[in-house]
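*Asks:* Take the sequences, apply the hints, and build the full model.
Protein chains in written order, with the working numbering: chain A, 1 to 215; chain B, 1 to 205.
The hints are simulated quantities; they were obtained by calculation from the structure and are not laboratory data.
C-beta atoms are modelled at their ideal positions from N, C-alpha and C, and glycine is treated no differently.
A few of these clues could be false.
[Said to hold, decoys possible] Counterexamples of contact, computed for chain A against chain B with all Cβ distances above 12 Å: (1) H25; (2) A91; (3) V99; (4) G155; (5) W160.
[Said to hold, decoys possible] Taking lysine to aspartate or glutamate pairs in the DMTMM-like style, the calculated list, with each CA pair at most 25 Å apart, reads: (6) B:K9 / A:E171; (7) B:K69 / A:D128; (8) A:K85 / B:E109; (9) B:K37 / B:D81; (10) A:K85 / B:D204; (11) A:K116 / A:E12; (12) A:K175 / A:E86; (13) B:K37 / A:D32; (14) A:K84 / B:E32; (15) B:K9 / A:D128; (16) A:K116 / A:D197; (17) A:K85 / B:D38; (18) B:K119 / A:E12; (19) B:K37 / A:D107; (20) B:K119 / B:D38; (21) A:K195 / A:E12; (22) A:K84 / B:E10; (23) B:K37 / A:E86; (24) A:K175 / A:D107; (25) A:K166 / B:D62; (26) B:K37 / A:E12; (27) A:K175 / B:D107; (28) A:K84 / B:E112; (29) A:K116 / A:E60; (30) A:K166 / B:D107; (31) A:K85 / B:D95; (32) B:K9 / B:D38; (33) B:K37 / A:D156.
[To be verified] Label pairs and their computed distance ranges (CB to CB): (34) A:S3 / B:A158: 19 to 25 Å; (35) B:E32 / A:N184: 32 to 38 Å; (36) A:K85 / B:S41: 36 to 42 Å; (37) A:W129 / B:Q3: 31 to 37 Å; (38) B:E36 / A:A91: 23 to 29 Å; (39) A:W129 / B:E159: 51 to 57 Å; (40) A:G24 / B:G63: 39 to 45 Å.
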Amino acid sequence: MRSPQRALISLEGTKSEITGPVFGHNMLNEFDNDLIQNYARAGESPIGQRILVHGRVLDERGRGVAGALVEFWQANAGGRYRHKKETYLAALDPNFGGVGRTVTDEDGYYWFKTIKPGPYPWPNGVNDWRPAHIHFSVFGHGFAQRLITQMYFEGDPLIWICPIVKTIPDEEAIKRLIAPLDLNATIPMDMRAYKFDIVLRGRRSTMFDNRKEGN
Amino acid sequence: MVQPLGYLKESPSQTAGPYVHIGCTPNFTGIEGVFEKDLGSGPLYNERTRGERITIRGRVIDGSGTPLKDALVEIWQADADGLYNSPSETRGKADPDFAGWGRCPADMETGEYVFETVKPGRVPFRDGRLMAPHITFWIVARGINIGLHTRMYFADEAEANAADPVLARIEHRVRVPTLIADREGDTYTFDIHLQGENETVFFDI
Chain A
1 MRSPQRALIS
11 LEGTKSEITG
21 PVFGHNMLNE
31 FDNDLIQNYA
41 RAGESPIGQR
51 ILVHGRVLDE
61 RGRGVAGALV
71 EFWQANAGGR
81 YRHKKETYLA
91 ALDPNFGGVG
101 RTVTDEDGYY
111 WFKTIKPGPY
121 PWPNGVNDWR
131 PAHIHFSVFG
141 HGFAQRLITQ
151 MYFEGDPLIW
161 ICPIVKTIPD
171 EEAIKRLIAP
181 LDLNATIPMD
191 MRAYKFDIVL
201 RGRRSTMFDN
211 RKEGN
Chain B
1 MVQPLGYLKE
11 SPSQTAGPYV
21 HIGCTPNFTG
31 IEGVFEKDLG
41 SGPLYNERTR
51 GERITIRGRV
61 IDGSGTPLKD
71 ALVEIWQADA
81 DGLYNSPSET
91 RGKADPDFAG
101 WGRCPADMET
111 GEYVFETVKP
121 GRVPFRDGRL
131 MAPHITFWIV
141 ARGINIGLHT
151 RMYFADEAEA
161 NAADPVLARI
171 EHRVRVPTLI
181 ADREGDTYTF
191 DIHLQGENET
201 VFFDI
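*Replies:* And the structure:
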């Protein structure tokens, strides 16, 4: 019902596609990338596994994309989203909102602190469960790079039976959405870490106008 | 064997899901106090912005004719002089009072989206010919696995539309009107059909 049935029409990038909005670091508040603090009441914190999620936003040549706005949202530790239309019986956490954002630094690096989300059931098949995941929305430098995707966690057995994951036909591509546990980046006695790099589509430079397949 | 080219593959897209509002428009879904206001909400212009004020409204409609009540629509457009407010804009400096980007969640009851903006000027195609005034749309929602790009053109720009190099690329001419918004007063209506007889043209850009 929601998939176009006709082929997309290919269009080489014009100014309308290779330009895009830019958001400065000055739009950010102190705790925008700390979901443990940005909704919590004074002196309290959300319940769940404390984690740091970090990585780089890269272009297809492996260069960091600086100044990229990264927005993220997720359910709480029990798999419950704070949303008007959510009806799952797992409880809301009064100290967890589930939304954050950040802007990459000059190397394309970003990080945020949060609670590891729980899996949750959804009305698709009669017993479908989403793997634990965090949604990401990313702006590159051009509007053609606009991307929304989901990050999954290493070792989660639900990943390989999820119909949304399986909309990606290539197993290697699915693996690029699975964040490994990163012991090097953990904060001892505080939080574990997961590393998640995001690759945006290439910016086809005008130098190669004669190469229609891109750079 | 030859050397590997070594380019990284783009991260695969996944659906934005039904709760995209939590991350992109948290105040809209009742998560208040984290961000002052939802990014991209409200008019795209202020009192100093150059250009003609217009309103764009419409719905994103599925294959059964039902409006989506959980879609998120973003627009990206040039200023009244046809310049983009972006570091990748090389032709001049865009109106500093016009960022050119907006974001609107569909109304949870009616499915309607609304943007208050200015009518964009003309922007050149890659070969220098001027494109007709247009606004780039990007649509995500539950059930859409990869964001859909399309363009809105203006019904009162018939002459420019007829010469537009992108519209000219559409082989099936009966599909061109799916990209053209009708005008009534200061308001353009642009319904986006995901499927069916009037399926909107979407681009691989």
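*Asks:* A separate judgement is required for each hint: does it hold in the structure or not?
*Replies:* Results of checking the hints against the structure:
no.: 1; hint: H25; verdict: holds (14 Å)
no.: 2; hint: A91; verdict: holds (16 Å)
no.: 3; hint: V99; verdict: violated (5 Å)
no.: 4; hint: G155; verdict: holds (19 Å)
no.: 5; hint: W160; verdict: holds (15 Å)
no.: 6; hint: B:K9 / A:E171; verdict: holds (13 Å)
no.: 7; hint: B:K69 / A:D128; verdict: holds (23 Å)
no.: 8; hint: A:K85 / B:E109; verdict: holds (12 Å)
no.: 9; hint: B:K37 / B:D81; verdict: violated (28 Å)
no.: 10; hint: A:K85 / B:D204; verdict: violated (32 Å)
no.: 11; hint: A:K116 / A:E12; verdict: violated (40 Å)
no.: 12; hint: A:K175 / A:E86; verdict: violated (29 Å)
no.: 13; hint: B:K37 / A:D32; verdict: holds (13 Å)
no.: 14; hint: A:K84 / B:E32; verdict: holds (13 Å)
no.: 15; hint: B:K9 / A:D128; verdict: violated (29 Å)
no.: 16; hint: A:K116 / A:D197; verdict: holds (18 Å)
no.: 17; hint: A:K85 / B:D38; verdict: holds (19 Å)
no.: 18; hint: B:K119 / A:E12; verdict: holds (24 Å)
no.: 19; hint: B:K37 / A:D107; verdict: violated (28 Å)
no.: 20; hint: B:K119 / B:D38; verdict: holds (23 Å)
no.: 21; hint: A:K195 / A:E12; verdict: violated (33 Å)
no.: 22; hint: A:K84 / B:E10; verdict: violated (33 Å)
no.: 23; hint: B:K37 / A:E86; verdict: holds (22 Å)
no.: 24; hint: A:K175 / A:D107; verdict: holds (24 Å)
no.: 25; hint: A:K166 / B:D62; verdict: holds (22 Å)
no.: 26; hint: B:K37 / A:E12; verdict: violated (35 Å)
no.: 27; hint: A:K175 / B:D107; verdict: violated (35 Å)
no.: 28; hint: A:K84 / B:E112; verdict: holds (18 Å)
no.: 29; hint: A:K116 / A:E60; verdict: violated (29 Å)
no.: 30; hint: A:K166 / B:D107; verdict: violated (30 Å)
no.: 31; hint: A:K85 / B:D95; verdict: violated (39 Å)
no.: 32; hint: B:K9 / B:D38; verdict: violated (32 Å)
no.: 33; hint: B:K37 / A:D156; verdict: violated (35 Å)
no.: 34; hint: A:S3 / B:A158: 19 to 25 Å; verdict: violated (32 Å)
no.: 35; hint: B:E32 / A:N184: 32 to 38 Å; verdict: holds (37 Å)
no.: 36; hint: A:K85 / B:S41: 36 to 42 Å; verdict: violated (19 Å)
no.: 37; hint: A:W129 / B:Q3: 31 to 37 Å; verdict: violated (43 Å)
no.: 38; hint: B:E36 / A:A91: 23 to 29 Å; verdict: holds (28 Å)
no.: 39; hint: A:W129 / B:E159: 51 to 57 Å; verdict: holds (55 Å)
no.: 40; hint: A:G24 / B:G63: 39 to 45 Å; verdict: holds (40 Å)
Of the numbered hints given earlier, the model fails hints 3, 9, 10, 11, 12, 15, 19, 21, 22, 26, 27, 29, 30, 31, 32, 33, 34, 36, 37; all others are met.
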